[in-house]
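Residue numbers (this note's numbering), protein chains in the order written: chain R, 1358 to 1883; chain V, 105 to 421; chain E, 3 to 281.
Simulated from the structure, these hints should not be mistaken for lab results. Since the structure is predicted, the reported quantities are computational estimates derived from the model, not experimental observations. Hints are supplied without guarantee of correctness; some may be wrong.
Some chain R residues well away from chain E (every beta-carbon gap over 10 Å; in silico) [as the list claims (entries may be wrong)]:
#1 Val1579
#2 Gln1685
#3 Ser1707
#4 Thr1853
Straight-line C-alpha distance at most 25 Å; calculated DMTMM-like pairs for lysine to aspartate or glutamate [what the hints assert, rightly or not]:
#5 R:Lys1742 with E:Asp165
#6 R:Lys1440 with V:Glu329
#7 R:Lys1464 with V:Asp315
#8 R:Lys1464 with V:Asp233
#9 V:Lys230 with R:Glu1431
#10 V:Lys230 with R:Glu1412
#11 E:Lys7 with V:Asp233
#12 V:Lys230 with E:Asp266
#13 R:Lys1742 with R:Asp1705
#14 V:Lys230 with R:Glu1433
#15 R:Lys1536 with V:Asp315
#16 R:Lys1536 with R:Asp1758
#17 R:Lys1464 with V:Glu329
#18 R:Lys1786 with R:Asp1705
#19 R:Lys1786 with E:Asp165
Ideal Cβ placement from N, Cα and C applies to all residues, glycine included.
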Amino acid sequence: MSLLEVKGLSVRFGNSEAVSDVSFTLERGERFGIVGESGSGKTLTALAVTGLLPEGAVMGGSISIDGMPLPANEREMARLRGKRIGMVFQEPMTALNPLMRVTEQIKEAITLNRSDSAQLDVPYLLEEVGLELRHGERFPHELSGGQRQRVMIAMALASQPDILIADEPTSALDLITQKRVLDLIAEICTRRHMALLFISHDLKAVNVLCSRVAVMHRGRLVETGPAASVFSSPQQDYTRRLVASSRFEVTREDHQSGGAPLLVVDDVVRDYRQGGIWLWREKPLRAVAGVGLAIGNGECVALVGPSGCGKTTLAKIIVGLDSATSGQVRLDGTAYRGTDLPREQRRDVSLVFQDPFGSFNPRLTIAQSLGEPLRLEENLDLVEKQRRLVEAIEAVGLRSDMLARYPHEFSGGQRQRLAIARALVTRPKLVVLDEPVSALDVSVRGEVLALLARLQAEFGLTYLIISHDIDMVRAVADRVLVMEAGRIVEEGSPETIFAEPQHRLTRELMAARLPDVGEPLLDRRA
Amino acid sequence: MILFALRRFLGFAATLLLAAVVIFYLLDLLPGDPARFTLGVTATPEAVANLRAQMGLDAPAHERLLSWLGGMLRGDFGMSYTQRAPVAGLLWERLAVTLPLTVMAMIISMVIGLPLGIVSARARGKAPDTAIMVLAQLGVAVPNFWFGMMLTLVFAVGLRWLPPGGFTPWDEDPWLSLRGLILPSLALALPQASILARVMRTALVDVQGQDFIRTARAKGLTMGEAVWRHGVRNALLPVLTILGLQFAFLIAGTIIVENVFYLPGLGRLVFTAISERDLILVRGAIVVLIVAVTATMFVVDLTYGLVDPRLRGRSTP
Amino acid sequence: MNFLKRHPNLTIGLAGTILFALLGLISLVWTPYPIAQIDIARRFLGPDAAHWLGTDNLGRDMASLVMSGTLTSFVVAALAVTIGAGIGVPLGLAAAAWGGPVEWLVLRFSDFLFAFPAIIVAILVTALFGPGAINAVLAIGLFNIPVFARVARGGALSIAVLDFVAAGRLPGLGPASIAYRHLLPNIMSLIIVQGTIQLSLGILAEAGLSYVGLGTQPPATSLGLMLRDAQSMFLIHPWLTLVPGLCIVLIVIGLNIAGDGLRDAIDPRLRQVNANVVA
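Throw the hints in and build the complete structure from the sequences for me.
Right under this line is the structure:
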C-alpha cells in the first residue's frame, strides 16, 4: 500500500478546470518531484493533497494516505495534516507570522501535534536545520530569506511527519542559499526516512533532489517516470522543449570588441544613510565599497554576485539613476558621479530592467513609453521620431502596428523585447541589462538572449549584464566580474573563471551551481 | 524601544508646540480689546490702559506667547474675562462630563464593533455577514447628533427608561450621572461601531488570505483556529490606527452631541465663550482639545510599537 | 450601459446620489414655495397635497427647505473635497516624487493637520471671522488635505518603486514630470474613490457644524441647519427632525454605496481598509 495515493484528482474554479485527472503515488521514503511552468496546476495539486485549497475550488477524485481517504471534517483533516504532513512554501518573507518570535511559532507546531515537552525540542530542531539558538529569539523580519526558510523547515519537521511537501522552497532565494536549502532538505529526508513531494519549475533542482518526476502542463501530468530517464530521454514534446530550454546554449555571435575603454568606473563608493536620529544615527550601509572597472567598446561584460552584493546599485550609478558617495564614472571621457550625468550623454547609456511587468506604465501606449527617451533628441522632428520607434520595435522582432497598444496586451517575453526596444531608441553605445531574463519563463529565455546577441553584433553595442545566474553568464559574456559585499573580488574570461575559480565566493558560486539536467550526476539520491 | 518612544514623544511635543503657537497668533490677530471688553464702552482710556498693563496685554506678542506657554505648563491657562474665573478650573469642571462621555462611547463602540467585524469576516458572503454589513452601512451614514435625538424619542419620551437630557454632577449621585450619559454615549458610539466593524472585517479578510495563515493551517490548525491565534492580532494593526483617529473624533463628536442632551460639557462652554468673544477661554479650550487628540495619536503610535516588532527595530542582538 | 449592469451597487448608489443632487440643483430655479416665506398661521402642518413634507415652526414649506438645504450640503462638501484634493494630492505626490526632506515636511504637515478635527478648526475660524458656510468649507476642506495627501503618497509610493518610473528617470525626467506623467494617472482611481468617501463625510460634517451654529447661517438653509431649528421642539414635533435627518442618511448611504461600487469596478485590488471616520 502506498503512503500517499492520488487518483483522478481534478480542481475546478467555476467552469474552468485548473487540474484534471492527475494520478500518482508516493511511497515511504521516496522523493517525487512535480515540474511545470507557472500556471500548470502543480501548486494546486499540492494544496489539494493537504486540504488547503483556496475558497471556491471544487475538488474531484480521491486522495488517500495509508489507504485511508482524507477526512471530510475540517478539524480532523487539520490534525491529520499537522501530524503526517510537513509543508514548506515558496515565500519565506510572508509565510511566518510577523508578530511572533520564531521559537513560539515552532513550539506551536510541536504542542499541537505531540503531547511531550516542547521546550527540549525547539533547540534540537533549530540545530537540525542549521540555525543557532539565538535565532529562535528573533522575529521573522530579523532573519534573512534563507534563515526563514530554515525556520519553515523546522516547523514542518516539528510533528515528525512522514511526508514533506515543498512547494518552490528555493525560488525566492539566491544561488548559494538555494543550494544549501536543497541540501538540507535532501539530508533531512534521508535521515528521517521521510517521503518528499517536491514542486518546482526548476528542472535542475528537481533533478538533483528527486528520484522520480512527473511533468505537469495545463493541469495534466504529461509524463511520469524516473528522473534520469525522463530528463535524459523525454518521451513527450512538451518535456523535450522544457529540457532543452533549461540549458543555455552558447548564443554568442561575432562582434567587434576591444579598443579604447568606453566606460571607466574609478573607485566608486556608495553609502546609504541608515535610520536613527542625529547622535544615535547608525553607521551608514556601504553598498558599493570602492569599485574600479573598465569596459571596452563592443565588449559584453557580466557582473555576477549574490543578492545584496551591490551590483544593482553600481548599475544605477552608471546609468545615472543614483549617485556615488565618492569616486567617479567616465563614459567616453565624460566624468560624472551618477545623477549628474549630462543630458547630452544620457542618450549613450540605457538600462533594461529585470521585471517586464513593472517596466511599462500601464496608462501609456507602447509608442508613448518607447518615445520617452527621445526627449533627449531635441533636434528630431516628429516624423523622424516615429521612424526611430518603428526601427526599434522592428529590431526586436515585433511589428510597428503594436506601437498603438497598451502594455497589458503583451506577454512577458514580448514586454522584455519592448523594454529592449526602448533601450535602443536613442541608439546608445552602452546598454546595462539588469537580470534581463531571470523573470521570464524558461521557454523564452533563450530567445531573448539570442536577440541580445544579434543586436550587439548588428549595432556594435557594449553590454554590461548584471546577474546572479552563472549559467546564463557563461553562455553570453566575454568577461566576468565577480562582486561581493560591494567589492569586485575576481575578474577574468568565463572559461578561466569557471574552470579555476580563485576567490572563495567564486568557488562557492560554482559549487552551488546545479548540474544541467541529463548531465551525469554524482548520485546522492536515496 | 526606548529610542522609538523618545522619537515619537519628540514628534508629539513638537506638534503640540506648533499648534499652540499657531492658535496664539491666529487669535491674536483678532480685532477687539479684551480690556475694553471687560470694562465696557464707558471706561476711560486711562482705565483701559491700566487694565491692559495689568493683564500683560501691552507686552510684545512673542513675550505674551512665552508667558502663556509657560503658564500652561504650570497649569495656569489665564483668567476668563467673562466668567471672571481661572480658565483651567472652568475647563476641568467641564472635562468631568466630556471625558467620561468620550471614554464610555469608545468602550461601547469597541465592544460592539470589533466582535461584529470578526463575525462578519468569518461568515464572509453568508447571511450574518450581509446583515451586519447592511447595519454598518446604515450606521456609518447616520449623523451622531440626529441619532441622539432619535434615541431620546424612543428611550426617553416613548419608553421612559432614561432621562432625555441634563446632567447630575458626579458628587451628588454618580449613578444618576452615569444614567445621564448612557444615551449620549450610545449616540456617539453606534456610528463609530459601524466603522470599526467595517474596518475589522476588511482587515481580517485581508489577513485570512496571507501566507502565514496557510502556514498555521499547515501546522494542523483549522481555518478558524488559525485566524483566531494568528489572524486577529495581525488584523488589529490597521484597526489600531482607526481607533486612534476615532478617539479624536469622539472628543469632537461629544462637543456636538452635548447640545442634544443639554450636557454641561466642554462644547457648551466653548459655544458660550465664542458668542461672548471670551478668547482666552476659547483658546484654552482649543488647546485642551488638541492635547487630547494629539496625546491619543501618541499613545496609538506607542501601542503600535509594542504590538509590531518590525517598528521598533532590533530587539535582540 | 453594460458597465452599469455589471456593477449594480455602483448603479444604485449613483442613482440615489444623482437624484438628490438634481433635487438640489432644481432648487436654484424652482422650489414649491420660496424658502424664506414665513406663514405662522400655517405652521406645523403634516404632509398634504399643498405641502408634500408639511411645514415647519415658521410655516415654511419643508419640501422647499429640503431641496435648498440639500444643495447647500452638497456644495459645501464638494468645495471641501476640492480644497482637500487640490492641495492634498499635489502634496502627497511631491512627497513621493522628491522624497527626503520634502516627504518629511509633508508628513509632519499632515500629522499636524490631523491634530485639528474639523470642529476645532470651525471653532477657531468662527472665533476669528464669525459664523458662516465658508467656515464649514474651510474647516472640512482643511481636514481633507492630510487625508488626500496620505492616500496620494501611499498610492504613489507603491507605483514609484516600479521600473517604469526608473525608466522615465533615465532620460532625465525630473520629479515633477515623473509625478505628473507616471504617478498621477496611476493613482487617479484611488483619488476618485477617496473623493466619494470624503464627499459623504463632508455632508455629515456640514450637518454637524451647522447644527451647533458654526456652519450655514439663515436665511440660507442646509440640512444641518434645519435640524438646529428643530432642536428646541423635537420632543413635540419629531417630524421636523425626521425629514432632514433621513435625507442626510439617504444621501450619505447613496454616496457610500457608489464609492464602494466604484472601488470594486475600477480596481478590485483596492479593497483596502479605509479610514472613513466621521468628524
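Now the hints, each set against the structure:
1. Val1579: holds (33 Å)
2. Gln1685: holds (19 Å)
3. Ser1707: violated (6 Å)
4. Thr1853: Non-interface label on Thr1853 (chain R) holds, nearest chain E Cβ at 34 Å vs cutoff 10 Å.
5. R:Lys1742 with E:Asp165: Holds: Lys1742 (chain R) and Asp165 (chain E) sit about 23 Å apart, inside 25 Å.
6. R:Lys1440 with V:Glu329: holds (16 Å)
7. R:Lys1464 with V:Asp315: Holds - the C-alpha atoms of Asp315 (chain V) and Lys1464 (chain R) are around 19 Å apart, at most 25 Å.
8. R:Lys1464 with V:Asp233: violated (34 Å)
9. V:Lys230 with R:Glu1431: Within the cut-off at roughly 19 Å; holds.
10. V:Lys230 with R:Glu1412: holds (14 Å)
11. E:Lys7 with V:Asp233: Roughly 24 Å separates the two Cα atoms, so the pair holds.
12. V:Lys230 with E:Asp266: holds (19 Å)
13. R:Lys1742 with R:Asp1705: This hinted pair holds, its Cα atoms lying about 17 Å apart.
14. V:Lys230 with R:Glu1433: holds (24 Å)
15. R:Lys1536 with V:Asp315: The hint holds at about 24 Å.
16. R:Lys1536 with R:Asp1758: Distance ~45 Å between Lys1536 (chain R) and Asp1758 (chain R) Cα, so the pair is violated.
17. R:Lys1464 with V:Glu329: Given pair Lys1464 (chain R), Glu329 (chain V) holds - Cα atoms ~16 Å apart, limit 25 Å.
18. R:Lys1786 with R:Asp1705: holds (5 Å)
19. R:Lys1786 with E:Asp165: holds (21 Å)
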